[in-house]
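Number of protein chains: 2
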Amino acid sequence: MRILQAVTDDYILTAEPVGSRTIARKYSLGVSPATIRNEMADLEELGYLQQPHASAGRIPSDLGYRYYVDGLMTPASLDEEERWAIQTELSRRTAIEELVHSTAQVVASMTRYASLAVVPRIEDAILKRVELIALDPQVVLVVFVGIPGLVEHRVVETHRSWTQEELARVEAVLNDCLEGVSVRDLGRTLYQQVADVLGDPDLYDGAASLLEDALAAGGDERVYVEGAINLFHQPEFRDVDRLRPLLEFLEQKDALLNILSSHGQSGLTIRIGQENGQGPLEGCSLVMATYEVGGQVVGQIGVLGPTRLEYSRVVAVMRLVAEELSQALARRRNRP
Amino acid sequence: MRILQAVTDDYILTAEPVGSRTIARKYSLGVSPATIRNEMADLEELGYLQQPHASAGRIPSDLGYRYYVDGLMTPASLDEEERWAIQTELSRRTAIEELVHSTAQVVASMTRYASLAVVPRIEDAILKRVELIALDPQVVLVVFVGIPGLVEHRVVETHRSWTQEELARVEAVLNDCLEGVSVRDLGRTLYQQVADVLGDPDLYDGAASLLEDALAAGGDERVYVEGAINLFHQPEFRDVDRLRPLLEFLEQKDALLNILSSHGQSGLTIRIGQENGQGPLEGCSLVMATYEVGGQVVGQIGVLGPTRLEYSRVVAVMRLVAEELSQALARRRNRP
DNA sequence: GTTAGCACTCGCCGGTCGCAAGTGCTAGCA
DNA sequence: TGCTAGCACTTGCGACCGGCGAGTGCTAAC
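Residue numbers (the working numbering), protein chains in the order written: chain A, 1 to 336; chain B, 1 to 336.
It is worth saying that the hints were derived from the structure and are not from the lab.
Mixed in with the good hints, there may be bad ones.
As the list makes no split between identical chains, a pair holds if one copy fits it or if it spans any two.
In the EDC-like style, the derived pairs of lysine to aspartate or glutamate whose C-alpha atoms are separated by at most 20 Å in a straight line are [as the list claims (entries may be wrong)]:
#1 26 <-> 275
#2 128 <-> 251
#3 253 <-> 89
#4 128 <-> 157
#5 253 <-> 97
#6 253 <-> 221
#7 26 <-> 310
#8 253 <-> 98
#9 253 <-> 123
#10 253 <-> 323
#11 253 <-> 239
#12 253 <-> 124
#13 128 <-> 292
#14 26 <-> 79
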């Protein structure tokens, strides 16, 4: 175990296959290189180490990293300075998207890997309020305010012409009847109650299709990717042909969204190499954390790098960041 | 001139230095390779061509490209299909940011280079309307609606507590007094008239600092970069060390903003190689166009690639796109 | 003014070779 | 029985080198 730990630590640091001599010199295990060689041969047989070629040192396999992550690595802690950097960055923002976005930026710059972040969709939020504003007779600005401090506006072209008075009436009824309803349900499924209170069926139809269109117009930009260029510095991506597929993958926001949001339960998850399935993520590791509002997971944030990842540091950063982000969101919500 | 044209055309196509034989074979100039060699030696002496090394063919210099762009190149025209792709993409959006953003995406995918786009700032717009909504007693949602169909919302934490009634009063006064004012001037320089109409100096102060904070909170994300990975396919960026500085430069949104928005006059500009100044853009060419609302330039859009750029095609795409974008924005505005 | 011929230049490619790092194995020692 | 020193073996990597081919510039002739 101590040899596996030493090999992994050293390889994470140097990106060079680690030989028995190196370990004997740099890590005081109290045994000679020859002994280490014997043990390393065993570790290779067990699948924890592998050899890029016969005359080279050893590097950890995915399994080796997994074992390392699950128990061997020494947990890192962060400088006061770094904690402070995160906290001030988060206290500078109020809008939730910006909060999450700048969190992703901080994570990228602190870890020097790529970072990913998912912002909650307004559709998943509980409606707090909706505002309807006529920009032109047939263009309406719809502003949704959702419960975890989420605000989104949509500009909708309508078939029907609207006066500001009509919109004000609809707005008032909606806000009276629908507070606490999931935003997703605002579309065609507008409730009977709204129809009753509004009275006018024409107005009701217009409102329903207005909201439906507003929800359909929706921002697809829910995943932020920051610091992708950091991957350039990693020796494993020195080769363009290895880097390109990865960067191309990072452009596919829907795929990223799938991966990140599949990680629904609260807490921290590490996916190593092949655990990400086949494809461009095969040689990468992904550390994911969730952030919450009111005890409920509303989004995810992740770090992506080569399998040779500084796991302990990344885990420390992610723990702190997820915590701070959740707290910042909570502060926004529970103001006096 | 015909030889310069042939060399440039061929080099743009193949990315290989062009020899006299190749030109004689592929372009029917009616002369032999020997003649072409003589002329090419002259063109090199004049600075239009250069030789990567003694035994290689010629490639155009920046000056050569400049001459080519200014008169030699044969203007490209676009397929009906491509025009159609642009038009449908633009008709699917209504919000101005999305319109510009998806324009940038279309340009990137059509040219296979990187594309840049600047969205107008709400600060530069004329105020059409402002909405103030209390989210919490000390958190106000400010929605600005600007004249070229620009909408932006900001969430502001305030020192003072606001009731919705107070906000409604301020909002009414602001909308009465300040329609047509530049959004930028909404902050501290709130006009005397507003103070007079409001009466209450406390309310006036609160409103002024609320708007000031709202403007300060402002989105710094005004430049979109799309298709940066397309640059991977260009042989001149095969080398990571050549590509990285460029991608790093593309991350500096403020520098990009400077470059693009310095191009203020209406129309199309091409900057070739060193014309971009020293630094990461030295080996690149930039084609910039403006888009307008009501005859006024409100934003820019650009294409970035190696100096060996398909100028004629890029110019055709940019002409069309700028035109279509301006028209789409005009349609949004002049609805019946 | 144009062209054919020819000697010359130089980057690229494939092969060879020595070096260095690291291994596995064996024999010896506590 | 576990550990260690010694040693032969493997193999990737970088340097060196020579032939090839593309392309040039020059000269002489038309």
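We went through each hint and held it up to the structure:
In this assembly of identical chains, residue 26 and residue 275 lie within 20 Å of each other by CA distance neither inside one copy nor across copies; the values are 31 Å within and 52 Å between. For the homomeric pair residue 128 and residue 251, neither the shortest alpha-carbon distance inside one copy (33 Å) nor that between copies (36 Å) is at most 20 Å. Taking CA atoms no more than 20 Å apart as the test, residue 253 paired with residue 89 passes between copies only; the shortest distance there is 19 Å, against 25 Å inside one copy. Taking the shortest Cα distances, residue 128 and residue 157 sit within 20 Å of each other only across copies (18 Å), while inside one copy they are farther apart (23 Å).
With identical chains, the CA atoms of residue 253 and residue 97 are at most 20 Å apart both within one copy (16 Å) and between copies (18 Å). For the identical chains of this complex, residue 253 and residue 221 are neighbours both inside a copy (8 Å) and across copies (18 Å), given an alpha-carbon limit of 20 Å. For a Cα distance limit of 20 Å, the shortest separation of residue 26 from residue 310 inside one copy, 19 Å, qualifies, whereas the shortest one across copies, 55 Å, does not. Taking the shortest alpha-carbon separations for residue 253 and residue 98, both the intra-copy value of 18 Å and the inter-copy value of 16 Å come in at or below 20 Å.
In this assembly of identical chains, residue 253 and residue 123 lie within 20 Å of each other by CA distance solely inside one copy; the values are 18 Å within and 30 Å between copies. Neither within a single protomer nor between protomers do residue 253 and residue 323 lie at most 20 Å apart by alpha-carbon distance, with minima of 25 Å and 29 Å respectively. In this assembly of identical chains, residue 253 and residue 239 lie within 20 Å of each other by CA distance neither inside one copy nor across copies; the values are 24 Å within and 27 Å between. Taking identical chains as interchangeable, the C-alpha atoms of residue 253 and residue 124 lie at most 20 Å apart only when both belong to the same chain, with a minimum of 18 Å there against 31 Å between chains.
In this assembly of identical chains, residue 128 and residue 292 lie within 20 Å of each other by CA distance solely inside one copy; the values are 18 Å within and 37 Å between copies. Taking identical chains as interchangeable, the C-alpha atoms of residue 26 and residue 79 are never at most 20 Å apart, the minima being 25 Å within one chain and 65 Å between chains.
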